[in-house]
Amino acid sequence: MPDEPFLRARSLSVGYGEDPVCAPVDLEVRPGDGIAVIGANGTGKSTFLRTALGLQEPLGGEVTLLGSAPDPRTGEVRAAVASVLGDDAFFPALTVTEHLLLTAVGHRVPEAREVVADLLEEFGLTDRADALPSALSSGQRRRVLLAAAFARPRSLLVLDEPEQRLDAGMRNRLAEMLVQEREDGGAVLVASHDPVLVERAATRVVLLHDDGVRVLDPAAGAAAIAAL
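If you read the sequence shown in the numbering used here, its first letter stands for residue 6, the second for the next number, and so on.
Worth flagging that the hints you see were computed from the coordinates, not collected in a lab. No experiment lies behind these values; they were computed from the predicted model shown. Just to be clear, a hint being listed does not mean it is correct.
[What the hints assert, rightly or not] Just the calculated beta-carbon pair ranges, DEER-fashion:
hint : residue 1 : residue 2 : range
1    : VAL220    : GLU62     : 20 to 26 Å
2    : ARG118    : VAL220    : 39 to 45 Å
3    : GLU62     : ALA94     : 20 to 26 Å
4    : GLY144    : ARG15     : 33 to 39 Å
5    : LEU233    : ARG15     : 38 to 44 Å
6    : GLU116    : GLU33     : 32 to 38 Å
7    : PHE96     : GLU126    : 21 to 27 Å
8    : GLU62     : ALA228    : 29 to 35 Å
Backbone N, C-alpha and C define an ideal beta-carbon position, used for all residues, glycine too.
Just need the whole structure built from these sequences, with the hints factored in.
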């Protein structure tokens, strides 16, 4: 359906076992949206993202991804959704360049080597291009994962606390890239503790809490993070 959002949650309850970690969430993510999910530690930000992507079963309510129940194994989801949810997606014998090429070539990106070279520069990894994951710092590994998400076509970009272990300059550049993502017609769904990134990159902010969910504008969302 042309008017179908990329992601729709209706009274979506998330958690582990039978215990929800936050109040039910109602949310739509459409082209051009930048949705920041914020809240104190333990309020379900990562759990919400994982449930929205079909990596975890909901406790209640409904969620659709690209118009259907979320299933990360389908070709449609694999083609349209890029995500960075953790630091465990490395092949130990592949270099940084080989990781990015594997992603770009696997998604049939034209001129993949040029795209990868640009991303290595963008994420400050040119001098680590031939390094193995074991030789990288935690911040460098984070940048490789983010670069891989940008190395492939996507309609929806989902990031879980992408600011972790990035310096201030890289955080600012990431915010600029997320704004560009929206302006190019994609959508961004990001869980974050970074008030600057939220205020710059988001169009709406969802504040999770165990006794309610609030939708805020970016400035109010940034202020709410500072008060957590």
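Indices of hints not satisfied (ascending): When the structure is compared with the hints, only number 5 turns out to be violated.
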